[in-house]
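Colleague: The primary structure of each chain is shown beneath.
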Amino acid sequence: MSSVDTTTNAGQLLATASGGRRRRGDRIFSNTAVIAAVTILALLVGVAVFLVTEGYPALTASSAELPKGESFLSYVAPLAFGTCLAGVLAMIIAVPLAVAVALFITHIAPARIALTLGFFVDLLAAIPSIIYGLWGIFVLGPAAVPAMKWLEEKLGWIPIFEGPASITGRTMLVVGLVLAVMILPIVSAVAREVFSQTPRKLQEGAQALGATRWEMIRTTVLPFGKSSVISGAMLGLGRALGETMAVAIILSVSGGVTFNLIGQANPSTIAANIALNFPESSGLAINLLIATGLVLFVITLATNFLARMIIARSNAQ
Amino acid sequence: MSSSRWLAVFAAACVLVLGLAACGGSDSSSSSNTETGSSENGSGGEALSAEVSGEIAGAGSTAQEAAQKAWIAEFENANGSATISYDGVGSGGGREKFIAGAVAFAGSDTPLSEEEGELGKAIKRCGPGELVEVPDYISPIAIVYNLPGVEELKLEPETLAKIFNQEIENWNDPEIEKENPGVELPETRIVPVNRSDESGTTENFTDYLSQIAPSVWTHEVSGEWPVKGGEAASGTSGVIEAVAAGEGAIGYADASQAGELGKALIKVGNTWAEPSPEAAAKVLDLSKEDPELEQGQKNVIAFEIDRKTEASGVYPIILVSSLIGCTKYKSADEAALVKAYFEYATSPEGQELSAEASGAAPLSSALTEKVEAAVGAIE
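Just so you know, the sequences run in chain order S and A. So in our numbering the end of the first sequence lands on 317, straight run, no missing numbers. So in our numbering the end of the second sequence lands on 1379, straight run, no missing numbers.
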């Protein structure tokens, strides 16, 4: 509190010094900034209001009235599960990879290679998701079929590889891989930025104490970048949760809740389900889809909130 | 101090949103005003000129999209000053837009029905005129399969229903072998492929299964695939792609899109029928009009498709898509344009064009006559 007071005092001092009034540039700047902030909030509130008002009829309708004849919760639960499963799977694959790529670029690779590699990783972010979807269905899916057969035979005792393995490769595992590639550039860009800002003094100090390169990275770079990596990962998770086209094209969605990642029956995700069913829907079915959109909105807000909490806690330590 | 400032920002945001919402509200009310106003002024009964002009929009079924594109191109060639657009938003979306008055006509894979309350709303939308609904696009749905070495596959309806209900799990099942003597069937697992998006193809296929094999197929008829656990793919092209990719896969898709894939022969009566446009068109000649779907509307032609027919040379797994319009529009010009376009689409030339463009089955001459009479009611 006291720090805030001193800054305002300083501001007032400065203002009095320059002729009793704030200069015009200051006013324009502060007004623009406030307007920008208000617009962002207005957009967010606007989307929330839209989702609630349009989804409300489906939320309050009895299960007999709803087009599927089941309650809203039992309709949305498998979708929410599928959304989270796809997102978590993508994170498990992408985050370690992104951190490794970022470390390689910032601390291991020679400058020229680092520059080129960084450029190519960033380029991954520029590929439209529909292209990823087509790549998944025509290239990665078929290529993954033998691998998934192998997983079923050798590791079938683990529930996630239970099988029977899909013959077309349109599975949750392939979707997780594609989503991982999609979010990789986002996570690694954030990680790269912060890793390269690790204070030199810390790094040199660690090496002066006899640390190897890995020990130096482990004791200085990683702790320094931890909270930024988490927030980068959450950005990526946000994209993975909301990804629509790639999932809608690739995934064979016909199952309820299952952890089996290589089978032909997979739970759908909320976003893909909306994309697949919206064109042929009318009346309450549309409200139902929008209500599932509200659930996705809440899930994304919750993950972001959680991420903020983790970051706040790790910063406090 | 800082928290109260944030509160102010948040309040401002809310005010802005409410303002926008208010704008939206007034916008829609004003547009509906103009609409009712002009439909009251609407007058018809003007004599048709040979060439029509103006601009109309339609929306709906993606199944008819290719045919619509071909019709529009030819129609605009013949009528230089007419512009027609068709937006393939899906049947449900098309019906909704038509009822809301956003488009002049719709294309739908399923007839308007009272069950969802759409028929009543559509009749109301057309007031003081009447509703027009005529079939314009008939297409056979093929059962496509991927079994290398199996050139010909014969399936009885019951077996087909069991396969898609996941009751028969391997290709060398005695039930399939019994129908295909002399064919070397592999032990491969059967993977039924269905649409993951809601579609008229699924609705027509499940309607067939529930009519022909009610003891096996106990699911409700719906545009959304009812059996869980199969392979699912989005769109016709997705199903074709999935069947082509997986050995042992079997799926259902518009026959014109089947490409190199094998198409199963289905038992009808005592013969084996293959999906051809001619065999598909014959089904409607054998079907009766459905009074429940027509509700006494004299310009509505909606069939209860006779999927259980035993006549030879008929292929009963078909998709029937319709044009939906009104007899009266806001202006006589608009009505004349809709009429001329409907007439063209359902005419023998139009039907030939859609057969070329998308492998559809032309309307039979008996049906064409009925359709002509209904379309002729547009003023």
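Since the hints were made in silico from the structure, they are not lab data. Only a predicted model underlies this, so the values are computations on that prediction, with no experimental measurement involved. Please note: incorrect hints may appear among the correct ones.
[As the list claims (entries may be wrong)] No farther apart than 30 Å at their CA atoms in a straight line, the calculated lysine-lysine pairs in the BS3-like style are these:
#, chain 1, residue 1, chain 2, residue 2
1, S, 68, A, 1178
2, A, 1267, A, 1124
3, A, 1370, S, 68
4, A, 1330, S, 68
5, A, 1298, A, 1267
6, A, 1330, A, 1288
7, A, 1228, S, 149
8, A, 1178, A, 1124
9, A, 1370, S, 149
10, A, 1308, A, 1124
11, A, 1267, A, 1069
12, S, 154, A, 1228
13, A, 1154, A, 1121
14, A, 1288, A, 1178
15, A, 1228, A, 1298
16, A, 1267, A, 1330
17, A, 1288, A, 1228
18, A, 1121, A, 1178
19, S, 68, A, 1154
Colleague: All hints are to be evaluated individually against the structure, with a verdict given for each.
Modeller: Tested hints:
1. Proximity of residue 68(S) to residue 1178(A) is assessed by CA-CA distance (about 38 Å); at most 30 Å being required, the pair is judged violated.
2. For the given pair, residue 1267(A) sits about 43 Å from residue 1124(A) by alpha-carbon distance, which is inconsistent with the 30 Å threshold.
3. Taking the CA atoms of residue 1370(A) and residue 68(S), the gap is near 36 Å; set against the 30 Å cutoff, the hint is violated.
4. Simply put, residue 1330(A) and residue 68(S) have alpha-carbon atoms about 37 Å apart, too far for the 30 Å limit, and the pair is violated.
5. Taking the CA atoms of residue 1298(A) and residue 1267(A), the gap is about 36 Å. The hint is violated against a cut of 30 Å.
6. Among the hinted pairs, residue 1330(A) with residue 1288(A) is inconsistent with the structure: their alpha-carbon atoms are about 34 Å apart, more than 30 Å.
7. Between residue 1228(A) and residue 149(S), the direct Cα distance comes to roughly 22 Å. Compliance with the 30 Å bound is thereby established for this hinted pair.
8. Only pairs whose Cα atoms come within 30 Å are accepted, and residue 1178(A) paired with residue 1124(A) is rejected, the gap being roughly 54 Å.
9. Distance hint between residue 1370(A) and residue 149(S) is unfulfilled; the C-alpha atoms sit about 56 Å from each other, more than 30 Å.
10. Among the hinted pairs, residue 1308(A) with residue 1124(A) is inconsistent with the structure: their alpha-carbon atoms are about 35 Å apart, more than 30 Å.
11. This hinted pair does not check out: residue 1267(A) and residue 1069(A) have alpha carbons roughly 34 Å apart, beyond 30 Å.
12. Of the pairs offered as hints, the one joining residue 154(S) and residue 1228(A) holds, with about 27 Å between alpha carbons and a cut-off of 30 Å not exceeded.
13. For the given pair, residue 1154(A) sits about 44 Å from residue 1121(A) by alpha-carbon distance, which is inconsistent with the 30 Å threshold.
14. A hinted pair counts as satisfied when its Cα atoms are at most 30 Å apart, and residue 1288(A) with residue 1178(A) does not qualify at roughly 34 Å.
15. Our distance criterion of 30 Å between C-alpha atoms is broken by residue 1228(A) and residue 1298(A), whose separation comes to about 41 Å.
16. Among the hinted pairs, residue 1267(A) with residue 1330(A) is inconsistent with the structure: their alpha-carbon atoms are about 50 Å apart, more than 30 Å.
17. A distance of roughly 33 Å separates the Cα atoms of residue 1288(A) and residue 1228(A); the hinted pair therefore is violated under the 30 Å criterion.
18. For the given pair, residue 1121(A) sits about 50 Å from residue 1178(A) by alpha-carbon distance, which is inconsistent with the 30 Å threshold.
19. Proximity of residue 68(S) to residue 1154(A) is assessed by CA-CA distance (about 34 Å); at most 30 Å being required, the pair is judged violated.
The earlier numbered hints that this structure contradicts are 1, 2, 3, 4, 5, 6, 8, 9, 10, 11, 13, 14, 15, 16, 17, 18 and 19.
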